[in-house]
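Chemist: In the numbering used here, the protein residues as written are 314 to 453.
Source of the hints: derived by calculation from the structure; they are not laboratory data. A couple of the hints might just be wrong.
[Said to hold, decoys possible] Distance condition first, Cα-Cα at most 27 Å in a straight line; then the derived DSS-like pairs of lysine-lysine: (1) Lys327 to Lys428; (2) Lys322 to Lys442; (3) Lys378 to Lys417; (4) Lys376 to Lys428; (5) Lys417 to Lys379; (6) Lys387 to Lys376; (7) Lys417 to Lys442; (8) Lys405 to Lys417; (9) Lys428 to Lys417.
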Amino acid sequence: METIAENQKVRTVKKLEKMFGHIDYRNPPELCPVRDVMSVASDQWSILILLWLGYFSVLRFNKLKKYVYGISNKVLSQRLKILEADGYIERKAYPEVPIRVEYKLTEFGQSYVEKLLELAEWMHDNSPKVIANREQYGLN
Numbered sequence: 314m315e316t317i318a319e320n321q322k323v324r325t326v327k328k329l330e331k332m333f334g335h336i337d338y339r340n341p342p343e344l345c346p347v348r349d350v351m352s353v354a355s356d357q358w359s360i361l362i363l364l365w366l367g368y369f370s371v372l373r374f375n376k377l378k379k380y381v382y383g384i385s386n387k388v389l390s391q392r393l394k395i396l397e398a399d400g401y402i403e404r405k406a407y408p409e410v411p412i413r414v415e416y417k418l419t420e421f422g423q424s425y426v427e428k429l430l431e432l433a434e435w436m437h438d439n440s441p442k443v444i445a446n447r448e449q450y451g452l453n
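Based on the provided sequences and hints, a complete structural model is requested.
Modeler: Now the structure itself:
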């Protein structure tokens, strides 16, 4: 009889096999979903942008900049354009002076935020272990 941990390990191996089992390592594919898709939406700034847009239904540029502490105007603008192009967020500009632009998650973006929250909860729960390991390794 398998334990829960063994069962989870078997499921993980099957998922990894499905993801990577068909790849010819001598001729790797040019398109890699993990690298090409996830790299855009998994950098530190994009994750924070998406999480804040998950918390507030609609945000304007300056509010996002305030909440995503430390991000420059240039980087925020670049990340918003990329996230919009990939379908995670929607941008709505109003014909006003000065122009008013609002950002919100798409349904696709909302589904990604739900997965991000699972990971964020795991990281929160396990951060003491990581910190302890760093100290043990001498990287405190």
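Chemist: Take the hints in turn and mark each one as holding or not.
Modeler: Hints versus structure:
1. Taking the CA atoms of Lys327 and Lys428, the gap is near 20 Å; set against the 27 Å cutoff, the hint holds.
2. Taking the CA atoms of Lys322 and Lys442, the gap is about 21 Å. The hint holds against a cut of 27 Å.
3. For the given pair, Lys378 sits about 14 Å from Lys417 by alpha-carbon distance, which is consistent with the 27 Å threshold.
4. A threshold of 27 Å between alpha carbons decides the hint, and for Lys376 with Lys428 the separation of about 24 Å falls inside it, so the pair holds.
5. Restraint check for Lys417 and Lys379: the C-alpha separation of about 16 Å stays at or below 27 Å, so the hint holds.
6. At most 27 Å may separate the alpha-carbon atoms for a hinted pair to count; Lys387 and Lys376 meet this at roughly 15 Å.
7. Using a Cα cut-off of 27 Å, the hinted pair Lys417 and Lys442 is violated, with the two alpha carbons roughly 35 Å apart.
8. Of the pairs offered as hints, the one joining Lys405 and Lys417 holds, with about 9 Å between alpha carbons and a cut-off of 27 Å not exceeded.
9. Proposed proximity of Lys428 and Lys417 is supported: the alpha carbons are some 17 Å apart, at most 27 Å.
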